[in-house]
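Please work from the sequences and hints to get the whole structure.
2 protein chains.
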Amino acid sequence: MSYIRLDNLRKHYSPQIPKVLESLPAVEIATNYAPIEESVSAFFPATFGLPLLELKEPTSSEETQERIPLTVGVLLSGGQAPGGHNVIAGIFDALKSYHPASSLYGFLMGPGGLLKKQVRELTADVINAYRNSGGFDMIGSDRTKLEKKEDFATALKVAHSLGLDALVIIGGDDSNTNAALLAEYCQAVGDPLVVVGCPKTIDGDLKNAWIETSFGFDTCAKVYAELIGNIQRDCYSSKKYWHFIKLMGRSASHLTLECALLTQPNVAIISEEIAAHNRTLNDIVTQLADVIVMRSERGMDFGSVLIPEGLVEFVPRMKALIVELNKVLAENAHKLHLVKRSQILNYLAGKLTEESASFFLSLPKEMAYQLSMERDPHGNVQVSRIETEELIVTMLKKELDKRKAKGEYKGKFSALTHFFGYEGRCSMPSNFDASYCYALGRTATYLAVHHRSGYMASVRNLVNHPSEWQPAGIPLTLMMHLEERKGMLKAVIKKSLVDIEGAPFRYFRKHRHEWAEGIAYHYPGPIQYFGPSAVCDNTTLTLRLENHLEPEDETYDASSLF
Amino acid sequence: MSYIRLDNLRKHYSPQIPKVLESLPAVEIATNYAPIEESVSAFFPATFGLPLLELKEPTSSEETQERIPLTVGVLLSGGQAPGGHNVIAGIFDALKSYHPASSLYGFLMGPGGLLKKQVRELTADVINAYRNSGGFDMIGSDRTKLEKKEDFATALKVAHSLGLDALVIIGGDDSNTNAALLAEYCQAVGDPLVVVGCPKTIDGDLKNAWIETSFGFDTCAKVYAELIGNIQRDCYSSKKYWHFIKLMGRSASHLTLECALLTQPNVAIISEEIAAHNRTLNDIVTQLADVIVMRSERGMDFGSVLIPEGLVEFVPRMKALIVELNKVLAENAHKLHLVKRSQILNYLAGKLTEESASFFLSLPKEMAYQLSMERDPHGNVQVSRIETEELIVTMLKKELDKRKAKGEYKGKFSALTHFFGYEGRCSMPSNFDASYCYALGRTATYLAVHHRSGYMASVRNLVNHPSEWQPAGIPLTLMMHLEERKGMLKAVIKKSLVDIEGAPFRYFRKHRHEWAEGIAYHYPGPIQYFGPSAVCDNTTLTLRLENHLEPEDETYDASSLF
Numbered sequence: 001m002s003y004i005r006l007d008n009l010r011k012h013y014s015p016q017i018p019k020v021l022e023s024l025p026a027v028e029i030a031t032n033y034a035p036i037e038e039s040v041s042a043f044f045p046a047t048f049g050l051p052l053l054e055l056k057e058p059t060s061s062e063e064t065q066e067r068i069p070l071t072v073g074v075l076l077s078g079g080q081a082p083g084g085h086n087v088i089a090g091i092f093d094a095l096k097s098y099h100p101a102s103s104l105y106g107f108l109m110g111p112g113g114l115l116k117k118q119v120r121e122l123t124a125d126v127i128n129a130y131r132n133s134g135g136f137d138m139i140g141s142d143r144t145k146l147e148k149k150e151d152f153a154t155a156l157k158v159a160h161s162l163g164l165d166a167l168v169i170i171g172g173d174d175s176n177t178n179a180a181l182l183a184e185y186c187q188a189v190g191d192p193l194v195v196v197g198c199p200k201t202i203d204g205d206l207k208n209a210w211i212e213t214s215f216g217f218d219t220c221a222k223v224y225a226e227l228i229g230n231i232q233r234d235c236y237s238s239k240k241y242w243h244f245i246k247l248m249g250r251s252a253s254h255l256t257l258e259c260a261l262l263t264q265p266n267v268a269i270i271s272e273e274i275a276a277h278n279r280t281l282n283d284i285v286t287q288l289a290d291v292i293v294m295r296s297e298r299g300m301d302f303g304s305v306l307i308p309e310g311l312v313e314f315v316p317r318m319k320a321l322i323v324e325l326n327k328v329l330a331e332n333a334h335k336l337h338l339v340k341r342s343q344i345l346n347y348l349a350g351k352l353t354e355e356s357a358s359f360f361l362s363l364p365k366e367m368a369y370q371l372s373m374e375r376d377p378h379g380n381v382q383v384s385r386i387e388t389e390e391l392i393v394t395m396l397k398k399e400l401d402k403r404k405a406k407g408e409y410k411g412k413f414s415a416l417t418h419f420f421g422y423e424g425r426c427s428m429p430s431n432f433d434a435s436y437c438y439a440l441g442r443t444a445t446y447l448a449v450h451h452r453s454g455y456m457a458s459v460r461n462l463v464n465h466p467s468e469w470q471p472a473g474i475p476l477t478l479m480m481h482l483e484e485r486k487g488m489l490k491a492v493i494k495k496s497l498v499d500i501e502g503a504p505f506r507y508f509r510k511h512r513h514e515w516a517e518g519i520a521y522h523y524p525g526p527i528q529y530f531g532p533s534a535v536c537d538n539t540t541l542t543l544r545l546e547n548h549l550e551p552e553d554e555t556y557d558a559s560s561l562f
Numbered sequence: 001m002s003y004i005r006l007d008n009l010r011k012h013y014s015p016q017i018p019k020v021l022e023s024l025p026a027v028e029i030a031t032n033y034a035p036i037e038e039s040v041s042a043f044f045p046a047t048f049g050l051p052l053l054e055l056k057e058p059t060s061s062e063e064t065q066e067r068i069p070l071t072v073g074v075l076l077s078g079g080q081a082p083g084g085h086n087v088i089a090g091i092f093d094a095l096k097s098y099h100p101a102s103s104l105y106g107f108l109m110g111p112g113g114l115l116k117k118q119v120r121e122l123t124a125d126v127i128n129a130y131r132n133s134g135g136f137d138m139i140g141s142d143r144t145k146l147e148k149k150e151d152f153a154t155a156l157k158v159a160h161s162l163g164l165d166a167l168v169i170i171g172g173d174d175s176n177t178n179a180a181l182l183a184e185y186c187q188a189v190g191d192p193l194v195v196v197g198c199p200k201t202i203d204g205d206l207k208n209a210w211i212e213t214s215f216g217f218d219t220c221a222k223v224y225a226e227l228i229g230n231i232q233r234d235c236y237s238s239k240k241y242w243h244f245i246k247l248m249g250r251s252a253s254h255l256t257l258e259c260a261l262l263t264q265p266n267v268a269i270i271s272e273e274i275a276a277h278n279r280t281l282n283d284i285v286t287q288l289a290d291v292i293v294m295r296s297e298r299g300m301d302f303g304s305v306l307i308p309e310g311l312v313e314f315v316p317r318m319k320a321l322i323v324e325l326n327k328v329l330a331e332n333a334h335k336l337h338l339v340k341r342s343q344i345l346n347y348l349a350g351k352l353t354e355e356s357a358s359f360f361l362s363l364p365k366e367m368a369y370q371l372s373m374e375r376d377p378h379g380n381v382q383v384s385r386i387e388t389e390e391l392i393v394t395m396l397k398k399e400l401d402k403r404k405a406k407g408e409y410k411g412k413f414s415a416l417t418h419f420f421g422y423e424g425r426c427s428m429p430s431n432f433d434a435s436y437c438y439a440l441g442r443t444a445t446y447l448a449v450h451h452r453s454g455y456m457a458s459v460r461n462l463v464n465h466p467s468e469w470q471p472a473g474i475p476l477t478l479m480m481h482l483e484e485r486k487g488m489l490k491a492v493i494k495k496s497l498v499d500i501e502g503a504p505f506r507y508f509r510k511h512r513h514e515w516a517e518g519i520a521y522h523y524p525g526p527i528q529y530f531g532p533s534a535v536c537d538n539t540t541l542t543l544r545l546e547n548h549l550e551p552e553d554e555t556y557d558a559s560s561l562f
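As you go down the protein sequences, you meet chains Z and V in turn. Here the first sequence stands for residues 1 to 562, numbered as in the UniProt record's numbering. Here the second sequence stands for residues 1 to 562, numbered as in the UniProt record's numbering.
The reader is advised that the hints may include incorrect statements.
Remember, identical chains collapse to one label, so a pair may be satisfied in a single copy or spanning two.
Claimed, not checked - Listed below are the simulated DSBU-like cross-link pairs for lysine-lysine, each with C-alpha atoms no more than 35 Å apart in a straight line:
1. 404 with 117
2. 327 with 412
3. 319 with 404
4. 494 with 149
5. 412 with 402
These are calculated hints, taken from the structure and not from any lab test. None of the values given here were measured: they were computed from a predicted structure.
Here it is, written out as structure tokens:
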């Protein structure tokens with residue numbers, strides 16, 4: 001039999017294109033949108049109040065303007081998300097179809113590459129080698145922040161030297177906030193550079209009234225769900241272990257919730273619910289122990305538990321500790337290397353409030369060390385490195401031993417832990433993300449063609465067939481609110497946490513007792529690219545539920561699908 | 001858009017069937033096979049020397065015998081492997097097509113269920129619910145050993161009470177050795193029960209001149225390779241981390257080698273090579289450090305390393321320690337709970353030889369504890385619980401610090417570890433495993449129809465199209481040799497380790513330097529069920545190389561594939 005690698009073949013997939021984006025669309029001003037946050041206007045005097053734009057098929061085929069070639073720059077910012085390369089392919093194809101003499105430059109290794117003018121022209125050969133592939137390796141990414149006036153001036157100088165008409169920044173909430181600041185700067189200094197953002201993050205927290213989902217979320221959730229399903233099947237087959245599975249997703253629990261909807265585990269912890277009810281780690285452990293005991297009484301000494309990696313930051317007491325630690329670590333950064341490892345915990349505790357210090361020292365040592373580790377460039381604790389799953393298992397063992405001593409529990413508790421993060425971020429995008437990203441890229445180009453700066457490319461109506469998807473331009477400032485950052489009030493794009501009154505969480509809440517009590521596991525299997533559309537092209541259950549669609553199979557005749 | 005779950009749809013897949021197995025084949029005695037191990041005969045006086053059988057399309061359509069319904073029992077033994085349910089489906093379908101009044105019983109939770117007569121009739125409804133699914137949850141599995149005469153007598157009594165004509169034991173090398181013992185017992189006591197084995201294990205070590213591969217190996221390797229590929233893409237995109245990935249596969253490194261062929265990591269450690277060259281852990285760490293320094297000098301402070309979970313048992317010094325520990329733990333099993341955890345390491349060291357004791361106490365504490373943990377029912381250390389990857393990273397950090405101090409290394413070493421095992425064992429089988437298992441099941445039934453006891457079902461010619469696969473019956477004793485087990489010489493089915501002179505390893509050896517020096521990563525992506533056959537239906541690169549086929553894409557016109 002002949003042998004072909006999927007990663008080679010996949011380059012030839014043609015993303016599905018919204019009808020509106022097949023050729024140059026017209027831009028219409030939408031009149032009907034949610035109230036704006038006036039307080040943001042002070043931070044964006046030049047760009048605040050831009051209208052929301054809808055891209056539409058042009059009513060007449062005659063163009064009023066002569067087409068001239070465009071030069072566009074693009075960069076990737078922050079953590080990888082499946083589909084990044086397709087955004088770039090979408091930008092490229094739309095540019096070339098607008099005018100074949102247009103050109104595209106990619107800045108290498110993120111915003112840092114923009115400031116250092118490390119750049120590569122993205123020709124058809126380059127683009128074709130990366131179509132529908134995962135990762136950000138075409139041009140790389142980093143976490144350099146564009147925040148300061150000097151940075152904007154440098155960026156603009158680089159843009160001019162390359163003759164850029166537009167710059168597309170592909171990133172999460174912070175990177176898009178920075179895109180807004182750069183757009184504001186350009187407007188303020190009267191520079192015509194168009195700055196457009198694209199909503200990227202596997203965490204799914206760049207989402208609001210105008211952005212249905214960020215790209216990469218769909219693929220990542222599907223990869224993790226494949227693995228969770230496989231583990232659950234193993235768990236149910238051998239009936240020996242409790243599996244504790246920590247999932248990436250820095251703050252919000254969207255990924256954990258989506259994975260729970262896809263796999264129906266025995267327990268899924270949702271950080272936002274923990275915070276809403278002011279729960280402690282002990283509360284979480286008590287509830288888990290209740291489920292373990294209940295299942296044990298039914299003859300099931302096995303199960304699955306999903307844990308969002310950001311959990312510790314949502315437990316109020318832990319959150320307070322982390323905030324204090326962030327400060328102590330920042331203030332003492334220059335001295336820390338002088339402290340012996342054996343003394344570091346006591347050294348830090350000595351600088352905390354009494355309550356936090358005693359809590360800090362009561363934690364398992366390994367956990368306390370992890371909380372004291374190096375911060376990321378934003379000064380945040382690296383939650384993926386904190387072994388929350390191990391902490392919970394350790395605490396659970398103690399709790400179950402206690403119950404056993406009291407005769408309340410007779411089962412056997414054997415736990416295995418897993419952490420899925422790097423396994424998904426660079427997966428080949430699902431058909432959904434491949435097409436969604438490609439459409440975002442085309443939208444970004446068309447916003448640039450129409451000289452619309454300070455916008456985020458948006459594609460909506462995503463639970464319908466891609467041909468019906470609706471592209472739009474959302475003013476970056478429209479998605480902002482004020483937040484305190486390092487003691488300063490700033491206008492930033494709002495992170496969207498799981499809404500515990502929203503349809504996805506309500507569905508989860510309605511069903512979780514039945515999932516806890518028995519075996520309701522789903523086994524989603526690997527992402528499929530070639531099969532029936534109802535299997536291969538769908539997006540997340542979160543989006544389905546938000547659009548009043550059930551996350552259940554419809555009746556169908558299997559034979560008709562092949 | 002409508003929404004259909006893959007795990008539901010997949011039940012409707014029809015495995016591809018070898019032509020020979022489409023209806024009742026004839027059995028022919030093959031004359032040409034490798035020399036037999038005469039020393040085994042003493043252990044199997046009644047069944048040794050059975051002929052090797054080939055299943056062939058019957059030359060005439062007239063059957064000499066009247067068909068009467070058969071009653072067959074089946075059980076799953078040992079760890080899960082993708083495709084187990086399809087073996088059972090194959091048995092069932094062949095039984096029913098042979099005679100519609102035939103019936104199939106499944107013993108629950110493995111050989112233990114046979115002895116306890118925990119059994120369930122497997123009707124069409126049950127079978128249909130599990131077709132092409134992963135896991136063993138249809139009837140479960142365990143690790144009970146069938147070794148003693150009393151057990152055989154009990155098994156036979158249960159078989160009689162159900163009116164069984166045949167029993168199919170689906171398991172690895174040990175389980176199939178036990179199948180051979182049961183077949184021998186039946187023959188010796190003059191019982192007509194037919195006992196047939198099926199080659200199951202993700203480890204790929206049940207493989208020899210007659211068995212090309214065990215089922216589940218293909219799927220598992222593909223799941224792990226998907227994840228390794230994703231991690232490598234992440235690694236290459238962010239250029240920050242060295243990823244150390246431990247892979248399941250109890251003893252042999254077949255899974256690690258296959259994953260290396262599929263993903264082309266910077267380093268893959270193959271236990272069999274370590275043992276062949278008598279290498280120490282320090283040697284391994286030195287070689288890894290050499291690669292890390294070399295890549296760092298080329299500007300690449302990132303990379304990927306694959307580690308087989310059984311590695312520690314192949315490092316001669318460690319192997320000696322483990323053998324001693326196994327003995328000490330077994331001999332002192334009744335006293336161990338009296339020893340405090342803080343004293344257990346010294347307690348055990350006191351009972352080891354001087355050399356092992358000092359090595360044991362020189363290990364990182366966590367590792368020493370892991371080596372002292374509970375043994376599996378075979379008295380073996382649970383290698384999957386030993387954090388070899390952590391040990392190697394710890395040792396590497398020290399080595400790199402030394403080199404840094406000497407000015408030989410200027411890079412930044414940041415390591416992340418992963419372990420993949422439970423993520424793959426219960427995956428939905430690949431098309432290859434789905435069809436291979438189904439063919440094995442049909443073969444098992446036809447061996448039973450022909451009253452051939454003491455055989456393993458075999459299907460060969462696997463790199464060709466399934467229609468051309470060649471079913472056979474291999475005498476279980478033909479695959480045996482003598483081994484010392486717990487101080488006694490026993491005849492057992494030989495485990496197949498990676499042959500470092502075989503084609504797969506030679507291909508790896510030829511290319512690994514270029515993989516270490518640069519970026520040669522492959523990103524295989526998720527298992528596909530619906531696409532072009534050259535993508536979806538192929539088996540392992542190991543098998544391709546063993547059959548003189550290259551593991552490279554052939555030239556093709558992508559458009560012709562869709």
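Name the hints, by number, that the structure is in violation of.
Structure breaks no hint.
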